[in-house]
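> Using the hints, build the complex out of the two chains.
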Amino acid sequence: MDPVSRQLHEEPTPPNLDANRKPIKRGQSQWMIARRRLLHNVPAMISIVFLFIVTVLSLSASILTDIDPARINPMLIDAKPSAEHWLGADNAGRDIVTMLLYGGRTSLLIGFSCTAIIIFLGTLIGTVSGFYGGKVDSILMRFTDFMMNFPFLVFVIVVKTIFIDTGVLALILVIGFLGWTGAARVVRSKVMSEKENEYILSAISIGTKPSKVMLKHLLPNVMSTIIVQATLLLASMIVVETGLSFIGFGVPPDVPSWGNMLQTARNPGTLSEKWWIWIPPGLAITFTILSINFIGEGFKDAFNPKSSK
Amino acid sequence: MSQQVQLDEKKDIHVDKEVLLEVRNLKKYYPVHAGFFKRKVGDVKAVDDISLTLKKGETFGLVGESGCGKSTAGRTILRLTESTDGQVIFDGKDITNLSGSLLREKRQDFQMVFQDPYASLNPKMMVGHLVDEPIRNYTNKSHKQLKTEVEELLERVGLRAEDYFKYPHEFSGGQRQRIGIARALALNPKLIVADEPVSALDVSIQSQVLNLLKELQGEFDLTYLFIAHDLSVVKHMSDRIGVMYLGHMVEVGDKDAIYKEPLHPYTQALTSAIPEPDPLIKKERIILEGDVPSPQNPPTGCVFHTRCPVAMPKCKEIIPQLKEVRPNQQVACLLYDKE
Ligand SMILES: Nc1ncnc2c1ncn2[C@@H]1O[C@H](COP(=O)(O)OP(=O)(O)OP(=O)(O)O)[C@@H](O)[C@H]1O
Ligand SMILES: [Mg+2]
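Protein chains in written order, with this note's numbering: chain A, 1 to 309; chain B, 1 to 339.
What you were told as hints is all true, and nothing was included just to trick you.
Cβ pair distances, simulated, as ranges:
{"no.": "1", "chain 1": "A", "residue 1": "Ile-63", "chain 2": "B", "residue 2": "His-143", "range": "40 to 46 angstroms"}
{"no.": "2", "chain 1": "A", "residue 1": "Pro-43", "chain 2": "B", "residue 2": "Asn-297", "range": "50 to 56 angstroms"}
{"no.": "3", "chain 1": "B", "residue 1": "Glu-219", "chain 2": "A", "residue 2": "Phe-146", "range": "54 to 60 angstroms"}
{"no.": "4", "chain 1": "A", "residue 1": "Val-158", "chain 2": "B", "residue 2": "Tyr-30", "range": "42 to 48 angstroms"}
{"no.": "5", "chain 1": "B", "residue 1": "Ser-204", "chain 2": "A", "residue 2": "Thr-286", "range": "55 to 61 angstroms"}
FYI, nobody ran anything at the bench for these hints, they're computed from the structure. If you're wondering where the values come from, they're calculated on a predicted model, not measured in any experiment. We put the beta carbon where it would ideally sit given N, CA and C, even for glycine.
Just chain B, same shape as in the assembly (with noise of 0.2 angstroms):
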């Protein structure tokens, strides 16, 4: 793998032309207001520092619990929420700081499917004007032309083509799902960041969607940021993975890594709740004790030390940050800390 690493001229980023996306440090805090006065008392950290980058074609998982801040990274990743701090960089372009047009204009390069395949079509739209809207956005193209693309996505992703004329309350969650993924789809975009594309649909039909994410990949060329709270979903997706805590990243490493051997106590709790098939191997599950705290208020140094099994008493003070322990492994911890 040649990697050619250039200089930006006008913004001065370092660019590696097999990098799709680059995010580094990003925050997303929602402010919280309260009292009679509407006063501001502190802040939701709801992502906290995460850098991560993704390469072309590939797919990075990233895993937490619910309310770990996964998708305000998405979204904050996609300029949808305003960050607080940080830098995106998007294909070698800061995209940071674009807003307006300019911004309108990048957005055809990443999209995003939804967490909630009930909430996120409008209840109004007619399916044919879902999936065409994104490409009439960008362009002229002809009454005609719109429905024979449309209806060649509708089929692309597993509905019917006469599914152009209905509305989205006549279709269950994995057939929205698509009607989701075909919206996504239309604008050829490289990069999609999808959102618990599947915690909402049953069992049997998540991994009809998370078959025709894996094959529209290929097709399409497409770079996958999928988002999971589930580290089983996310192992037959993804080429490397990231796992979150209370908006921190604990951990980034190559699949493998992190199933066989991974490093934080948090993510050797994660994978030791993966059902063992084979009964004859014994594995010791991890069971943490207490509740995740409140981003609200997170805890002093590394914000796991309040669950953590191996707990030192500097956990309480530093907070760890992300190093490389093995060849394409990276994890917070002070037990890996040398000094």
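Isolated chain A, as found in the complex (with noise of 0.2 angstroms):
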């Protein structure tokens, strides 16, 4: 008899047991995993509380500073660091700590917004697009490289143009929906190669509908890649931000934002002698773009099933 034969003559089904049984010990979800490994990972720890700590602050600037972050003070004008005015005043008398602050909050709202949207809106269509293939896929991914062959940074400067007081939020509206597009290539390529997996299959077997099936099945499956995703995006929106209000299509001039305080400092007079006035949002931008892709970088190796930690 063969090895198979022999055995299902020989041995009745062991109860509670297979060969190669583990011991018991309490569940633990992927996510638990993921979490405990980013716990360890120094730099993104170090990220997170440094972003969280910028947030705080920006968000409770009218609490932490009593000036007027529009206010003109003639007196002010290009002042120095001083006991009373710790990062000085740039060329419109305006404090510059107040000023970074109120900053902070507009260049936050507007990257955790875009990002939000951006990301919404690309892991509605790339799931939906991927999950269901064929006919719908064609359609949805023909709008897709139509939109992303719109030239978007030309569309904002030709929107701020026309409309010359937009706000920050005719900003995020743009920015978001016309940005979603290679998030929602990533999202669908992702979903695409894990919907290969039997247990899609098993799922639709069992009768679970379709939205479920991406509710349910599809998204924790694609959200290490969704989460990566939004951080690089993050980073891009604040970046994006910035060099819109630099080249002075983005927030409105009277907004302080990163961006704009960045681009009062235009000139070289300012940049080579009045360095409070460029320095303190620059060091803003790029501690919270390098704090934001070390968190990147942690999830990535959290979700990352061989890395080591």
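See the structure below:
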């Protein structure tokens, strides 16, 4: 008799036992494992704390300082740092510390809300497209290609030129609704490879509705990709705000933002002699983006099953 | 055995009350796209015109080499993949064109145990939720009720009640396959398609899982379509066996007939490869020459003629059809054509 048949005849199913059963331990989801890995990642944890502090400080700007960020004080034009104005004032006499706090609020608001809109739209379109495939996919991807080739920066600049006083909200909406294409493609390709796993077929075969298959089975398994994508986006959205404001097409000039602060410093005299006007926002942007990237790397490692920690 | 044949009023289908599943001329072609414009250049004929009938309570073993289209056949029968052509009649109802909620309603009655225990369980879901998901899809039971039911199921398939709170990555392949079985069993289905349920497992664990499946069959009144690439595994499970080659069914018959008197040259080669335990019996092993041709470009005529030791000139031209050569044994081979 061949080995299989011999065992079939001689061994009844032993109850509750498989040969290589592991010892009992409490169930640990992959999320818990990832979280533990992230907690052990020092640069990522420092970055999370830093980003948290920056966010809290920006949000509590109106409590921390009673200076009106928009107030132009002719007495303080280009004032050097002093005990009263720690980082001095800019060429319109606005207090730099106050501007930094309120500016952080604007820059982070734009960063987080653009990222949220982009991730939401990108995930929705990418998941539906990748899951259904076929006609749905080719229609959605054609639309995505169209949007991707859409000259997004030019569009923002044109909108800003036509409607001169568009506010922060308009900027967020324009960036958000034009910027989701990259995210949609990343999510789509991840969904397409993930849905090849038999657990998707298995979910369909036990009668789970397509919407639930996407939400409960696909989404949790592409979430790591989405989170990493979101951190990359957050950093680049802050850069986009800075860049657009710097060239004068971003946040309206009277609203403080880190990009606008750099913009006011955009002349050789200020750059060479008045360091307190441009170094603080420059450092704020640099460290914020750096910390976001460290967090992104931390997430990537934490989700990677092969990483050693 | 009384064979009650009656006429289904609506669909004009001849229904045999003993028959649970009837597959007629099922085809599944995967289009192949190539080139810059992604134009369709051909088809992978994964399943090409197979028919089979499963009686209630029996186990039909589907055997064939890797890549011959067994999984595709199983999935297409269960409407997990869209068929290209053909009909699937389940429990007297044509399910070929059902869709949406009607199809979902029917799915309760046919379930699948998947080939790869490492890919067939959602790694992010707790075992308890993996097993109660099918029940939640069709009923509104309370959390407590669900938990009791799941725990009973887990224990029935040889796991522990406290495994409820664990995640798939904490289990071995055999245990995962048991979770998959519990999940398929949860809805109390009539038919289970078991797609190579043990081929990914160690030999020592294979027999345990096979025995479990056998026990459950009696207990839950199950009909199995049991897929395997290995005749010796199928032997212990099946009442009847179908042999597939390159998307075609080449021989169907009762288990003993297939083992003792295989008719098709391919089946003969397969059975000759089963190790003979008695050293006194000298068996001549038929070694097939060459590789399995690509299903994208299958040979003309009989798909097996390129490797067939007894091929005749006409095999290149004529596609043989399944014909009953002996009682309860059908073969698709021109050797048995009387003309
Ligand atoms: N989604 C798909 N797209 C294109 N071709 C496919 C697809 N799925 C399967 N095929 C092809 O169809 C053929 C049959 O595949 P199938 O998985 O059904 O074989 P199998 O008999 O189950 O093999 P195995 O024993 O390895 O599981 C193979 O040639 C395979 O490459
Ligand atoms: Mg297979």
